[in-house]
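Chains F and W supply the protein sequences, listed in that same order.
Going by UniProt numbering, the first residue of the first sequence is number 1, and it counts up by one from there.
Going by UniProt numbering, the first residue of the second sequence is number 1, and it counts up by one from there.
In short, the hints are calculated from the structure, not lab data.
All values derive from a computational prediction rather than experimental measurement.
All C-beta atoms, glycine included, are put in the ideal place defined by N, C-alpha and C.
Incorrect hints may have been included.
[Stated by the list, open to error] Listed next, the stretches of chain F that the computed footprint assigns to chain W, with coverage defined by at least 3 CB atoms under 8 Å from CB atoms of chain W:
no.: 1; region: 49 to 57
no.: 2; region: 70 to 83
no.: 3; region: 90 to 98
no.: 4; region: 113 to 122
[Claimed, not checked] Reference excerpt, derived from the structure (chain W facing chain F, CB under 10 Å, subset only):
no.: 5; residue: A22
no.: 6; residue: A115
no.: 7; residue: T124
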Amino acid sequence: MTPPRRQRRYPQQEPLPPAPGKRGEEKNPERLYVVAGADEDGSRAALDLVTLIVARAEPPPSATPEQAALLRLCTSPLSVAELSAYLNLPFSAVTVLITELLTAELVQARAPIVRQAVPDRSLLEAVMHGLQRL
Amino acid sequence: MDFKGSDTLPGPRTEDHLPHTAQAAVKIVIVGGFGVGKTTMVGSVSEIKPLTTEETMTQAGIGIDDNYGSESKTATTVAMDFGRISITDQLVLYLFGTPGQERFWFLWNGLFEGALGAVVLVDTRRLEVSFDVMGRLEERGVPFVVAVNSFPDAPRYPISELRAALDLPEEVPIVECDARRRASSRDVLMTLMRFLHSLAVMGSAR
Ligand SMILES: Nc1nc2c(ncn2[C@@H]2O[C@H](COP(=O)(O)OP(=O)(O)O)[C@@H](O)[C@H]2O)c(=O)[nH]1
Ligand SMILES: [Mg+2]
Chain F
1 MTPPRRQRRY PQQEPLPPAP GKRGEEKNPE RLYVVAGADE DGSRAALDLV TLIVARAEPP
61 PSATPEQAAL LRLCTSPLSV AELSAYLNLP FSAVTVLITE LLTAELVQAR APIVRQAVPD
121 RSLLEAVMHG LQRL
Chain W
1 MDFKGSDTLP GPRTEDHLPH TAQAAVKIVI VGGFGVGKTT MVGSVSEIKP LTTEETMTQA
61 GIGIDDNYGS ESKTATTVAM DFGRISITDQ LVLYLFGTPG QERFWFLWNG LFEGALGAVV
121 LVDTRRLEVS FDVMGRLEER GVPFVVAVNS FPDAPRYPIS ELRAALDLPE EVPIVECDAR
181 RRASSRDVLM TLMRFLHSLA VMGSAR
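Next up, chain F with everything else stripped away, as it sits in the complex:
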């Protein structure tokens, strides 16, 4: 018995330009989908699923119920993904809340370490040590 076969693909240097052709005749359906409410200029891209959020203050009386709930959750650091799960809100809805709280200086955001062209070896070694203790 032989398994089915696949063909390797290769990195694409640049995102593919929009397919030429008439609108509405788009072949690839996923191009039609965007994250709900995403800003045109991508200004929300700064918040990642694993950005750690920490409250800097108690919820002020002016806070909305959603903002207060979020502030109470992150008295110790919590990722945006965890906040989304505990608040039962979609990721983009939570980033809107966090952006408001960042503007009001009620929370602090600790940016994740993302993959780089040349990865940081000491970071990778730290993760390996951590996993070995598991």
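Chain F is already provided as a structure; the job is to place chain W with the ligands on it using the hints.
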């Protein structure tokens, strides 16, 4: 959701709180077809009970010509299971497992782009369900390893045969695992980390 009851909102248990020293997080993505063991793997290594986050994609830009201003949109929800492993007092690792329609994951901005790497879980009874996701990772330059989840009734192929079928270069690790076992899932993650480390060594030697 009723936020008036926010005093009783679910939140992390006391033992699930991260220390205040937690400075930054990294993430690894676990991908593969439905039922291949992603949620099981996240759960077997996570220090917290796995949680779910979701994102809503709306179909936009369609019918601009013939339906202008009518704003009829179709929403699709993409859900992700995730777990967490504290690496040090400063560093936290998150693992994301994605069920559902794979073609939507890649629209979730930053999900794969920021990830250190990915684990592609495959089931030898349905190898082909993982072909598309592997191609997409390759296109985006996201390094990955392949873990073969050994279901009892699944056909067993020699690794060399799997490598040929998956058209993977010699250096990409292919390992067997039992996603239900913590040690086995941990070993898969270690394999990924060693692979990433070897890429880093090669990259800086250039
Ligand atoms: N025999 C065996 N069963 C597994 C393994 N991993 C997962 N399963 C089972 O396969 C089913 C699907 O697993 P799940 O993690 O929900 O798959 P997902 O859809 O990829 O998240 C569950 O009933 C698991 O108990 C494995 O390594 N070996
Ligand atoms: Mg699942």
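Structure-based check of each hint:
1. For the region 49 to 57 of chain F, the stated coverage by chain W holds: 5 residues have a C-beta nearer than 8 Å to a C-beta of that chain, and at least 3 were required.
2. Under a criterion of three residues with beta carbons nearer than 8 Å to beta carbons of chain W, the stated coverage of the region 70 to 83 of chain F is upheld, 8 such residues being counted.
3. Coverage of the region 90 to 98 of chain F by chain W holds [criterion: at least 3 residues with CB-CB distance below 8 Å; count 3].
4. Check on the region 113 to 122 of chain F: 8 of its residues sit with their Cβ under 8 Å from a Cβ of chain W, so the three-residue criterion for coverage holds.
5. The restraint placing W:A22 at the interface with chain F holds, with a minimum CB-CB distance near 4 Å, inside the 10 Å limit.
6. This hint holds: W:A115 has a C-beta 6 Å from the nearest C-beta of chain F, less than the 10 Å allowed.
7. Because the closest C-beta pair between W:T124 and chain F is about 7 Å apart, less than 10 Å, the hint holds.
Of the numbered hints listed earlier, not one is contradicted by the structure.
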